[in-house]
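Q: Spelled out, the chains give:
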Amino acid sequence: VDLARADEQDLLKAIAEGDPSALAVLHDRHAPVVFALCLRILRDAQEAEEVLEDVFLQLWEHAVQYDPGRGSVIAYLVTLARSRAAERVRRRVRRARILRAIPVDATEEGASAPPPTPLQASLASERRSRVRAALEALPASQRESLELAFLDGLTHYEISERLGEPLGTVKTRIRAGLERLRGPLLALLDGERG
Amino acid sequence: MTTTNCRDRRDAIFLLAAGALESGEEHDVALHLATGCSRCGGALAEAREALSLLPQSLDPVALPAGARARLLARATGGVRAPRIGSRRLALRGAGIAASIGLVIGAGGTSLAAWWYAVAPLRAELADLRSELDEQDRDLALLEADARLARQALQLLRADDVEAMALVAVEAAPSASGRVFWERRDYGCYFHAEGLAAPAEGRTYVLWVVSAGGSTFAAAKFVPDASGEASFVTRLPRDLAPIARALVTEEPVAHGGAPGGAVQLEAGGG
Numbered sequence: 001v002d003l004a005r006a007d008e009q010d011l012l013k014a015i016a017e018g019d020p021s022a023l024a025v026l027h028d029r030h031a032p033v034v035f036a037l038c039l040r041i042l043r044d045a046q047e048a049e050e051v052l053e054d055v056f057l058q059l060w061e062h063a064v065q066y067d068p069g070r071g072s073v074i075a076y077l078v079t080l081a082r083s084r085a086a087e088r089v090r091r092r093v094r095r096a097r098i099l100r101a102i103p104v105d106a107t108e109e110g111a112s113a114p115p116p117t118p119l120q121a122s123l124a125s126e127r128r129s130r131v132r133a134a135l136e137a138l139p140a141s142q143r144e145s146l147e148l149a150f151l152d153g154l155t156h157y158e159i160s161e162r163l164g165e166p167l168g169t170v171k172t173r174i175r176a177g178l179e180r181l182r183g184p185l186l187a188l189l190d191g192e193r194g
Numbered sequence: 001m002t003t004t005n006c007r008d009r010r011d012a013i014f015l016l017a018a019g020a021l022e023s024g025e026e027h028d029v030a031l032h033l034a035t036g037c038s039r040c041g042g043a044l045a046e047a048r049e050a051l052s053l054l055p056q057s058l059d060p061v062a063l064p065a066g067a068r069a070r071l072l073a074r075a076t077g078g079v080r081a082p083r084i085g086s087r088r089l090a091l092r093g094a095g096i097a098a099s100i101g102l103v104i105g106a107g108g109t110s111l112a113a114w115w116y117a118v119a120p121l122r123a124e125l126a127d128l129r130s131e132l133d134e135q136d137r138d139l140a141l142l143e144a145d146a147r148l149a150r151q152a153l154q155l156l157r158a159d160d161v162e163a164m165a166l167v168a169v170e171a172a173p174s175a176s177g178r179v180f181w182e183r184r185d186y187g188c189y190f191h192a193e194g195l196a197a198p199a200e201g202r203t204y205v206l207w208v209v210s211a212g213g214s215t216f217a218a219a220k221f222v223p224d225a226s227g228e229a230s231f232v233t234r235l236p237r238d239l240a241p242i243a244r245a246l247v248t249e250e251p252v253a254h255g256g257a258p259g260g261a262v263q264l265e266a267g268g269g
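Those protein sequences? They're chains A and B, same order as listed. Position one of the first sequence corresponds to residue 1 (my numbering), numbered consecutively onward. Position one of the second sequence corresponds to residue 1 (my numbering), numbered consecutively onward.
No lab work stands behind these hints, which were simulated from the structure alone. Mixed in with the good hints, there may be bad ones.
Claimed, not checked - Partial chain A-side listing against chain B, Cβ under 7 Å, derived:
| hint | residue |
| --- | --- |
| 1 | Val78 |
| 2 | Arg132 |
| 3 | Leu186 |
Stated by the list, open to error - What follows is a set of in silico ranges between Cβ atoms, one per label pair, in the way DEER data are often shown:
| hint | chain 1 | residue 1 | chain 2 | residue 2 | range |
| --- | --- | --- | --- | --- | --- |
| 4 | A | Ala187 | B | Gly212 | 34 to 42 Å |
| 5 | B | Ala165 | A | Gln46 | 48 to 56 Å |
| 6 | A | Asp190 | B | Ser38 | 16 to 24 Å |
| 7 | A | Pro139 | B | Arg7 | 21 to 29 Å |
| 8 | A | Gly69 | B | Ala140 | 28 to 36 Å |
| 9 | A | Thr169 | B | Ala197 | 48 to 56 Å |
| 10 | A | Gly69 | B | Leu125 | 16 to 24 Å |
| 11 | A | Ser122 | B | Lys220 | 53 to 61 Å |
Glycine included, every Cβ here is placed at the ideal spot set by N, Cα and C.
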């Protein structure tokens, strides 16, 4: 089987059988987006790479139990990455509270996102622009809250603190934004499935 | 469950997948999903897939050099990459220890000065150790939760699963619960909420009663601080068919039949 052209089911099967080259192919396909998400949340390239590794290792170790009926591999990867990266940020905050005498970020550099990879699959590019268009169509306040939740990994409470808005207002905005996004996102999925 | 009801739940399921439902609404949808409704289960998977598109709107970012090789080394050789969190903690710990050494090495002008200089650093070291312990405990709890969730999901997905809704009785008017079991393998999943803590020296017991009247104490349990309890257990094969389930408050060393106050009950009528 030519793994580079294999579909996800074949790759998962190969991974479940312990073939690291199949893992490498999935890594090549999806890691740049997963890494972008980790970097956006963590603002630290080294930590972002650690989360990226953990997420792909999780796939490597549990490919046998992976149920394709529950969603695509990229959906699984970004969901897991968002959760793990956000948990690291919260842990960092807890640690900073404990170690307030020693500034946590004193030795850390801010995020410096490397330039985008030159190779972009056309489907991924089309997908990106359509999701962005759906986000752009939202009122700015809804979009801002949704981006903080889904791209920055903040809880509703943390968004409320960040924006200085009441928690109820944040929840209402997120809910209204999601209700407006639901149609375009599901339509995009339907369109990709043909 | 009618088709119309499931269709009406689509919006709520999308919000559930996004973590944007209020707890009351979430509870209702989750209870429905726990019945194994394939239509709504499919809608939940689709909603998760759609929501995963949001992070995919980000521009891909070039990985640090060697990222793939490091991943493959870990995957194939079991080599753990340096854990930055642990390393930072270790470095900070080492830094604090070095600071203590410097203070001692400087030959401090007095024992009191030395003590006052070192005490905060020792406290920080103790905090670090305490945080590591806390993280270990968090991890153990998460692993236990994940194990339970895996077992429960496996059971709920079985094609021969049956369920009973346990309703509140006078002793625990705000409680509710569900018990699921597999007809063939007799795995059993129980979840309840709204239960008060049992009295000192007492515990709750889940009993299941067969149509023939045999009674079996399926498990002892104590709810958590929020009044919830979930567990997976196994029932005896000769108990079929199950006609009744109830939760009673009993002494820790209870007898073979329910004798204490009934908290939840199903199939009693």
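Q: The structure should be examined with respect to each hint, and the outcome stated for every one.
A: Evaluation of the provided hints:
Proximity of Val78(A) to chain B holds as hinted, the smallest CB-CB distance being about 4 Å (cut-off 7 Å). With 7 Å as the threshold, the beta carbon of Arg132(A) comes within range of chain B, its nearest partner Cβ sitting at about 5 Å, so the hint holds. Against a cut-off of 7 Å between C-beta atoms, the interface hint on Leu186(A) holds, since the closest Cβ of chain B lies about 5 Å away. Look at Ala187(A) against Gly212(B): about 55 Å separates their beta carbons, and that is not inside 34 to 42 Å.
Separated by about 50 Å at the C-beta atoms, Ala165(B) and Gln46(A) satisfy the suggested range of 48 to 56 Å. Take Asp190(A) and Ser38(B): their Cβ atoms lie about 19 Å apart, and the range 16 to 24 Å holds. Judged by the Cβ atoms, the range 21 to 29 Å given for Pro139(A) and Arg7(B) holds: they are separated by roughly 28 Å. Distance hint check: the CB atoms of Gly69(A) and Ala140(B) are about 31 Å apart, consistent with the given range 28 to 36 Å.
About 36 Å separates the C-beta atoms of Thr169(A) and Ala197(B), a value inconsistent with the hinted range of 48 to 56 Å. A beta carbon spacing of about 49 Å between Gly69(A) and Leu125(B) contradicts the range 16 to 24 Å that was offered as a hint. Our hint of 53 to 61 Å for Ser122(A) and Lys220(B) holds, since their Cβ atoms are close to 60 Å apart.
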